[in-house]
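We have chain A; now place chain B onto it with these hints.
Number of protein chains: 2
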Amino acid sequence: MISKLIEQIKIKNAPVVVGLDPQLKFIPDELIQKWYKECGYSLEAVGEAFFEFNKKIIDSTYDIIPAVKPQIAMYEQYGIPGIIAFKKTVDYAHEKGLVVIGDIKRGDIGSTSESYAIGHIGSVEIGEEKIVPFDEDIVTVNPYLGSDGVNPFVDICNKEDKGIFVLVKTSNPSSGEFQDKLSDGKPIYEIVAEKVVEWGNASMDGDYSNVGAVVGATYPEMGKILRKLMPKTYILVPGYGAQGGSGKDLKEYFNEDGLGAIVNSSRGIIAAYKNENYSSFGSSGFADASRAAAEDMIKDIAENCFA
Amino acid sequence: MISKLIEQIKIKNAPVVVGLDPQLKFIPDELIQKWYKECGYSLEAVGEAFFEFNKKIIDSTYDIIPAVKPQIAMYEQYGIPGIIAFKKTVDYAHEKGLVVIGDIKRGDIGSTSESYAIGHIGSVEIGEEKIVPFDEDIVTVNPYLGSDGVNPFVDICNKEDKGIFVLVKTSNPSSGEFQDKLSDGKPIYEIVAEKVVEWGNASMDGDYSNVGAVVGATYPEMGKILRKLMPKTYILVPGYGAQGGSGKDLKEYFNEDGLGAIVNSSRGIIAAYKNENYSSFGSSGFADASRAAAEDMIKDIAENCFA
Numbered sequence: 001m002i003s004k005l006i007e008q009i010k011i012k013n014a015p016v017v018v019g020l021d022p023q024l025k026f027i028p029d030e031l032i033q034k035w036y037k038e039c040g041y042s043l044e045a046v047g048e049a050f051f052e053f054n055k056k057i058i059d060s061t062y063d064i065i066p067a068v069k070p071q072i073a074m075y076e077q078y079g080i081p082g083i084i085a086f087k088k089t090v091d092y093a094h095e096k097g098l099v100v101i102g103d104i105k106r107g108d109i110g111s112t113s114e115s116y117a118i119g120h121i122g123s124v125e126i127g128e129e130k131i132v133p134f135d136e137d138i139v140t141v142n143p144y145l146g147s148d149g150v151n152p153f154v155d156i157c158n159k160e161d162k163g164i165f166v167l168v169k170t171s172n173p174s175s176g177e178f179q180d181k182l183s184d185g186k187p188i189y190e191i192v193a194e195k196v197v198e199w200g201n202a203s204m205d206g207d208y209s210n211v212g213a214v215v216g217a218t219y220p221e222m223g224k225i226l227r228k229l230m231p232k233t234y235i236l237v238p239g240y241g242a243q244g245g246s247g248k249d250l251k252e253y254f255n256e257d258g259l260g261a262i263v264n265s266s267r268g269i270i271a272a273y274k275n276e277n278y279s280s281f282g283s284s285g286f287a288d289a290s291r292a293a294a295e296d297m298i299k300d301i302a303e304n305c306f307a
Numbered sequence: 001m002i003s004k005l006i007e008q009i010k011i012k013n014a015p016v017v018v019g020l021d022p023q024l025k026f027i028p029d030e031l032i033q034k035w036y037k038e039c040g041y042s043l044e045a046v047g048e049a050f051f052e053f054n055k056k057i058i059d060s061t062y063d064i065i066p067a068v069k070p071q072i073a074m075y076e077q078y079g080i081p082g083i084i085a086f087k088k089t090v091d092y093a094h095e096k097g098l099v100v101i102g103d104i105k106r107g108d109i110g111s112t113s114e115s116y117a118i119g120h121i122g123s124v125e126i127g128e129e130k131i132v133p134f135d136e137d138i139v140t141v142n143p144y145l146g147s148d149g150v151n152p153f154v155d156i157c158n159k160e161d162k163g164i165f166v167l168v169k170t171s172n173p174s175s176g177e178f179q180d181k182l183s184d185g186k187p188i189y190e191i192v193a194e195k196v197v198e199w200g201n202a203s204m205d206g207d208y209s210n211v212g213a214v215v216g217a218t219y220p221e222m223g224k225i226l227r228k229l230m231p232k233t234y235i236l237v238p239g240y241g242a243q244g245g246s247g248k249d250l251k252e253y254f255n256e257d258g259l260g261a262i263v264n265s266s267r268g269i270i271a272a273y274k275n276e277n278y279s280s281f282g283s284s285g286f287a288d289a290s291r292a293a294a295e296d297m298i299k300d301i302a303e304n305c306f307a
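For the protein sequence lines, the chains are A and B, in the order given. Residues in the first sequence are numbered from 1 upward in steps of one, following our numbering. Residues in the second sequence are numbered from 1 upward in steps of one, following our numbering.
The following block holds chain A by itself, in its conformation from the complex (with noise of 0.2 Å):
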């Protein structure tokens, strides 16, 4: 799966992914108010306006990047409708010719970890049949529970081509509580590496692993250690905007083969209009002021990371 990513970054020429995150007021008035008529105020409302949304905004930006990343718990949220919304956004992206990127940072044991990894990258057989319940491509995974936690991903990646992104180093201003406490004179960030390294060498695919990192673009200098230390792991970067990080903190996320790195940017780019940058397209020209966002995210990287 890897391989697949890795043409399409090529392809639109932007390590970028969109991270389509939907949260009821990041969606223009017009919009859910529609909905409300429609469906009263419900869940159901919310899923169909969060769909909506979504598509507009895949449509307004699936040429110019490879992949999107819903955030599962913002669809969680409002119960079943919200999860059908998921799917049906994650069809929709394929239809469009995206890769889908899960954030789902599941993590459990043995045959519960199998049940994710199967629910969300694999196939379930029924009787004669064989199903594909949530069909991701990829999908973010939480180590905290050790092998025994990622080494059911890590069997579906091989058996049905697909991919996971580890959590090493998180975003967030908090992540260091745990991942910084000092090991033998290591970070826990650096341990969880070395076992995405391991994890990644049982699933190869061409010159980078289907097993990849997440390591947040907030903190560079650990990004720069963090590379060197998984030279063949793709990193998925979040906190890229509207968390502070920005083009010219990223450049040591990627290798010289200028691949290697993944950004995310979600409400930056689905919520742009809300931005003074781009609030002329108003709020009924969301989708596009989110594609001029990612045009500018893409520009941003290209020059501080490619120059």
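Keep in mind the hints are simulated off the structure, nothing from the lab. Where is the CB? At the ideal position from N, CA and C, for every residue including glycine. Just to be clear, a hint being listed does not mean it is correct.
[As the list claims (entries may be wrong)] The following label-pair restraints were derived from C-beta to C-beta distances:
{"id": "1", "chain 1": "B", "residue 1": "244", "chain 2": "A", "residue 2": "64", "range": "50 to 56 Å"}
{"id": "2", "chain 1": "B", "residue 1": "56", "chain 2": "A", "residue 2": "33", "range": "41 to 47 Å"}
{"id": "3", "chain 1": "B", "residue 1": "302", "chain 2": "A", "residue 2": "224", "range": "52 to 58 Å"}
{"id": "4", "chain 1": "B", "residue 1": "41", "chain 2": "A", "residue 2": "34", "range": "35 to 41 Å"}
{"id": "5", "chain 1": "A", "residue 1": "130", "chain 2": "B", "residue 2": "56", "range": "26 to 32 Å"}
{"id": "6", "chain 1": "B", "residue 1": "30", "chain 2": "A", "residue 2": "180", "range": "52 to 58 Å"}
{"id": "7", "chain 1": "B", "residue 1": "279", "chain 2": "A", "residue 2": "228", "range": "54 to 60 Å"}
{"id": "8", "chain 1": "B", "residue 1": "128", "chain 2": "A", "residue 2": "130", "range": "41 to 47 Å"}
{"id": "9", "chain 1": "B", "residue 1": "33", "chain 2": "A", "residue 2": "228", "range": "54 to 60 Å"}
{"id": "10", "chain 1": "B", "residue 1": "128", "chain 2": "A", "residue 2": "303", "range": "46 to 52 Å"}
{"id": "11", "chain 1": "B", "residue 1": "282", "chain 2": "A", "residue 2": "91", "range": "41 to 47 Å"}
Leaving out everything else, chain B in the frame of chain A:
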């Protein structure tokens, strides 16, 4: 919420929780075939079968147990119809007066963690309506992202009188890969435990906190230390039965007040009819076998921990 769980534990005189973690191989053939006939080989058939299976186990055990713990991965594996079965299980357990612990192991940052918390133990405001999406009472939470990931759950615990169990030391063989790493002579799970106490102080409910901890039955020595380190923290103990833990390993997880721990068994109860000890019940008596296994588990814990 923890006071409600404790009340139920006292009424039933049973510090146990039944893990409703259905797998296709646990479902009696006549039950699954009925749904294949009704819905074909489909996700819907499995969802319906899971719910009927759970319902019968709840019906045959609800008067002797305080709580159930559905593991959402088992349902998520079957896509949206699976998650519908999860939600129906939560609602049915509530009808029968049980406390519902959603084993979801979610954990993310900021507004994303808040979304998970709202979706599972809180409520969303949609226009003029306040809607409860999943409606569990307590959920499990992964701490790898630090306080940013956990505090949104603690806020919802306070706002809606709910609870969480934070993963501290999990029951699986490889849990030590990161959790046991020593930092300044202290294992990571102890550092997490100290944070659990801190988070827990912000949500006390009587003698115990709404912020509990997960500590596996398979590591009784660590359980003993963690019990002392977190005196006001309820401990959810997985790993009893099929994973190798037994009543004699559990004494140290309880406080001197006879409280402080609740022990989970999943397949040991729900698939009891497949175990030779209960095979006389046959597959048509699977729910009665579950009751017998639950009674034996309660007795085992009473004899070994409170004799």
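Of the hints stated earlier, which fail here?
Violated: none.
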